[in-house]
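Visitor: In case you want the letters, here they are:
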Amino acid sequence: AQSVSQHNHHVILSEAASLELGCNYSYGGTVNLFWYVQYPGQHLQLLLKYFSGDPLVKGIKGFEAEFIKSKFSFNLRKPSVQWSDTAEYFCAVRVGQAGTALIFGKGTTLSVSS
Amino acid sequence: DGGITQSPKYLFRKEGQNVTLSCEQNLNHDAMYWYRQDPGQGLRLIYYSQIVNDFQKGDIAEGYSVSREKKESFPLTVTSAQKNPTAFYLCASSAPTSVGYNEQFFGPGTRLTVL
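Top to bottom, those sequences are chains A and B.
Anchor point for the first sequence: position 103 equals 271 in our numbering, and the numbering is continuous, going up by one each time.
Anchor point for the second sequence: position 22 equals 149 in our numbering, and the numbering is continuous, going up by one each time.
Honestly, the hints are just simulated from the structure, not real lab data.
Ideal Cβ positions, reconstructed from N, Cα and C, are used throughout, including at glycine.
Among these hints, one or two may not hold up.
[What the hints assert, rightly or not] Taking beta-carbon pairs under 7 angstroms as the criterion, some of the chain A residues facing chain B (in silico):
1. Gly209
2. His211
3. Leu212
4. Lys217
[Claimed, not checked] Pairs of lysine-lysine residues, derived as DSBU-like cross-links and limited to a Cα-Cα distance of at most 35 angstroms, are as follows:
5. B:Lys141 - B:Lys210
6. A:Lys274 - B:Lys141
7. A:Lys217 - B:Lys141
8. B:Lys141 - A:Lys226
9. B:Lys197 - B:Lys136
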């Protein structure tokens, strides 16, 4: 069965530190990739997505992610985090072009101290 | 405002009772989904529907049922057969595009507690 792995369960950073959250998936075919964020008390919202083309995608709030097909990875990065980035982050994969359901990782909680 | 509404926000039920969670969208999306979120477990798919009057089981459908009689509505019933129903339930929708369904939009969720 397809799966998504997020390597870090809880990450703690100081403001201005750089962030990289790992995401790996297990499927050899065509995939669409997503990062979602859930701020405390708010809806789950899309940070960025990859469908095709440039493997380096930019999202909202200064986040970016790089799709490396050979490593089955889609890591999320931000050069300098802010206290307001404190949230839970989910990597998700949609398998194939015809399928519609997303497979989510277990999430990474990011805590940023000011 | 376009979006997804879920009601109620908090729901309490006694063991052995069925309960129905509401999900409505005015985004004109074809596909709708129900996920369950538990701490440290991420989101797990319960059911999804790509079109009215049709739906498919997800990974954890046992103890749940759904209906899709209208495009904008996708209610989820948590039955007494669900062994551990206390969780946060999220509804989502997405619209088809030429390369498949686009990203999913999520509602605010319903937190169900079984007493």
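Visitor: Within 35 angstroms, alpha carbon to alpha carbon, are B:Lys141 and B:Lys210?
Guide: The hint holds at about 13 angstroms.
Visitor: If you draw a straight line from the CA of B:Lys197 to the CA of B:Lys136, is it 35 angstroms or shorter?
Guide: OK: B:Lys197 and B:Lys136 at ~22 angstroms, within 35 angstroms.
Visitor: Quick one, are A:Lys274 and B:Lys141 close enough, alpha carbons at most 35 angstroms?
Guide: 29 angstroms, holds
Visitor: Below or equal to 35 angstroms on CA atoms is what counts here, so check B:Lys141 against A:Lys226.
Guide: 46 angstroms, violated
Visitor: Going by Cβ atoms only, is A:Leu212 closer than 7 angstroms to chain B?
Guide: With Cβ-Cβ at 4 angstroms, under 7 angstroms, it holds.
Visitor: Tell me if the straight-line CA distance from A:Lys217 to B:Lys141 falls inside 35 angstroms.
Guide: Violated, at about 40 angstroms.
Visitor: For the restraint on A:Gly209, tell me whether the closest CB of chain B is nearer than 7 angstroms.
Guide: 9 angstroms, violated
Visitor: Should the interface hint for A:Lys217 be scored as holding, given a Cβ-Cβ cut-off of 7 angstroms against chain B?
Guide: 5 angstroms, holds
Visitor: When the nearest CB of chain B is found for A:His211, is that gap smaller than 7 angstroms?
Guide: Result: holds, 5 angstroms to nearest chain B Cβ.
Comparing the model with each numbered hint stated earlier shows that hints 1, 7, 8 do not hold.
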